[in-house]
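Participant: Heads up: the protein sequence lines correspond to chains A and B, in order.
As numbered in UniProt numbering, residues 1 to 283 make up the first sequence, in order.
As numbered in UniProt numbering, residues 1 to 165 make up the second sequence, in order.
Don't take every hint at face value.
Restraint ranges, calculated between C-beta atoms of paired labels, are given here [said to hold, decoys possible]: (1) D14/A x E158/B: 34 to 44 Å; (2) T143/B x P215/A: 42 to 52 Å; (3) I266/A x T15/B: 55 to 65 Å; (4) K3/A x T143/B: 24 to 34 Å.
Computed, partial: chain A to chain B, Cβ under 10 Å [to be verified]: (5) K13; (6) E31; (7) F84; (8) K204; (9) E205; (10) D214; (11) I218; (12) E252; (13) Y253; (14) E254; (15) A270; (16) E279.
Subject to a maximum C-alpha distance of 30 Å in a straight line, what follows is the list of computed DSSO-like cross-link-like pairs (lysine-lysine) [said to hold, decoys possible]: (17) K85/A x K96/A; (18) K19/A x K30/B; (19) K129/A x K115/A; (20) K77/B x K145/B; (21) K145/B x K96/A; (22) K45/B x K3/A; (23) K77/B x K3/A; (24) K44/B x K65/B; (25) K10/A x K129/B; (26) K19/A x K145/B; (27) K129/B x K3/A; (28) K153/B x K19/A; (29) K129/B x K117/B; (30) K217/A x K30/B; (31) K19/A x K117/B; (32) K44/B x K3/A; (33) K77/B x K60/B; (34) K217/A x K60/B; (35) K3/A x K153/B; (36) K145/B x K204/A.
It should be emphasised that the hints constitute simulated quantities derived from the structure, not laboratory data.
For glycine and all other residues, C-beta sits at the position ideal for the given N, C-alpha and C.
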Amino acid sequence: MDKRLEMLRKDYKDIPIPKELDRIVAQALQEKPKKKTRPVWPASVAAAALLFTATVNFSPEAAQAMSKIPLVKELVEVVTFNEFKEEKGNASIDVKTPAITGLDNQALEDNLNQKYVEESQKLYEEFAKSAAAENGHFSMNSEYEKVTESPEILSVRRTIQRTQASGYIQNRYVTIDKENEVLITLKGLFKNGQYVPVISENIKEQMKQQMAADPNKIYWVSENEIEPFTQISPDQPFYINQDHKLVISFDEYEAAPGYMGPVEFIIPTAVISDLLVGERYIR
Amino acid sequence: MNKREAHELFVTCMTDHKEDFYRLAFSYVKNQQDALDIVQESIKKALVSMEGVKELQSIKSWFYKIVVRTAIDFLRKQKRLTVADHQTIDFLSSGKEDDYEDLDLQNALDALPIQYKTILILRFFEDLKLEEIAEIEEENISTVKTRLYRGLKLLRIEIAKEDLL
């Protein structure tokens, strides 16, 4: 190569790299353009949080088969079954396992709680594997919260956050009928499968409206997208909010770019009222 | 490729090449704070426009493109963009060789029209292929080649044809 070009190249390669670069890149990768709160990660973890929502699939048949009329009403509650924290090198874990208590339907209670415990065990195994790997920057957090509590129902959200080169959060919802002691499934709310296209259409409309109203919002709703949103899954994650409205929840990247976070849509009851089995849960 | 994989690829690409991107930004703005701002701004833009990227194997050149544009926009706003007028080009091409040439070499590079400079940097300092540069500059390959050749000539750099490619 030409001597002069060589010199220019050397000058270029000698441009000093400021030590702030790592921090600035890590921060920019995590930042969302909007006010939405993102979990705060240990500064050492260079990561963009990526949110992922999923639901636990319980068999509706099993729930149906369980006894429906309890003799004594106890307080149905969600409590912390246990919490474990550990750090190994660059890897850390902090997981709270929830447990549902107060159900007389012991089979349902055990079933739900066992799923929670199994899930926690899997998270721990995953953490142990990553911690053992070389240079294993990894962080795992899991918490839960009550999203809705009414005389009739209890909705619990369990959040699982993983952070590596990038990370993601899973939101899992469990909604139970406290009086009848059954697990509520999306399918079980409706008379037939018609709810899938009807809810999907309503969500698409909402996406378009929101995008028109706010240029900062992007949903993958146009046909030009690589993987446009077409319709919800019959088992799409959902919960019922305090106003007795159905809320449909999405994984990050399922329906919108990462910075939008895990998106959810409240479905107007008028849209689905003809399809609902009854008005007990959703009004 | 799903979106989560795309995002992870992008994060990995940033982790692997952030220093290259920083140097490229620095070569335009010539100071640390502005170069850091440009890297930061470019990442934000990338995260927003990521779903528009269809071919993710070229995520690196795609991000180079964002950095180049962000840097040029920045210079425009600061009115620091070196507009190459004919005088500059004449001056650069008419100067006769002397012993102090290397002292001014860096200035000469900076004084080049910005497209020439970008192409020279991407080709010879960042070692990109002509096709990648064509994609970044959104020009065809022969235009890129022509500019590369002229840029070298303006800097009075002699180079074998095969090194050009």
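Participant: Hint by hint, say whether it matches the structure.
Facilitator: Now for the hints, and whether the structure bears them out:
1. D14/A x E158/B: 34 to 44 Å: 23 Å Cβ-Cβ, so the 34 to 44 Å window is violated.
2. T143/B x P215/A: 42 to 52 Å: With Cβ atoms ~34 Å apart, the hint is violated.
3. I266/A x T15/B: 55 to 65 Å: The hinted range 55 to 65 Å is violated for I266/A and T15/B, with Cβ atoms some 38 Å apart.
4. K3/A x T143/B: 24 to 34 Å: 28 Å, holds
5. K13: For K13/A, the interface hint holds, since the closest Cβ of chain B sits about 7 Å away, which is under 10 Å.
6. E31: Nearest chain B Cβ about 7 Å off; hint holds.
7. F84: Violated, because the Cβ-Cβ distance from F84/A to chain B comes to roughly 27 Å (cut-off 10 Å).
8. K204: 17 Å, violated
9. E205: 20 Å, violated
10. D214: Violated: closest Cβ of chain B sits about 13 Å from D214/A, beyond 10 Å.
11. I218: 7 Å, holds
12. E252: 8 Å, holds
13. Y253: 4 Å, holds
14. E254: 8 Å, holds
15. A270: Cβ of A270/A sits 32 Å from chain B, so the hint is violated.
16. E279: 38 Å, violated
17. K85/A x K96/A: 9 Å, holds
18. K19/A x K30/B: 17 Å, holds
19. K129/A x K115/A: 21 Å, holds
20. K77/B x K145/B: At roughly 29 Å apart (the allowed maximum being 30 Å), K145/B and K77/B satisfy the hint.
21. K145/B x K96/A: The given pair, whose Cα atoms are some 60 Å apart, is violated under the 30 Å limit.
22. K45/B x K3/A: At roughly 38 Å apart (the allowed maximum being 30 Å), K3/A and K45/B break the hint.
23. K77/B x K3/A: Violated: K77/B and K3/A sit about 35 Å apart, past 30 Å.
24. K44/B x K65/B: The hint holds at about 14 Å.
25. K10/A x K129/B: 19 Å, holds
26. K19/A x K145/B: Violated, at about 36 Å.
27. K129/B x K3/A: It holds: about 21 Å lies between the C-alpha atoms, which stays within 30 Å.
28. K153/B x K19/A: Distance ~37 Å between K153/B and K19/A Cα, so the pair is violated.
29. K129/B x K117/B: With a Cα-Cα distance of about 16 Å, the restraint between K129/B and K117/B holds, given a limit of 30 Å.
30. K217/A x K30/B: Cα-Cα ~35 Å, so violated.
31. K19/A x K117/B: Given pair K19/A, K117/B holds - Cα atoms ~27 Å apart, limit 30 Å.
32. K44/B x K3/A: 38 Å, violated
33. K77/B x K60/B: 26 Å, holds
34. K217/A x K60/B: Holds: K217/A and K60/B sit about 26 Å apart, inside 30 Å.
35. K3/A x K153/B: Within the cut-off at roughly 14 Å; holds.
36. K145/B x K204/A: Cα-Cα ~47 Å, so violated.
Consistency with the previously given hints fails for numbers 1, 2, 3, 7, 8, 9, 10, 15, 16, 21, 22, 23, 26, 28, 30, 32, 36, ordered from lowest to highest.
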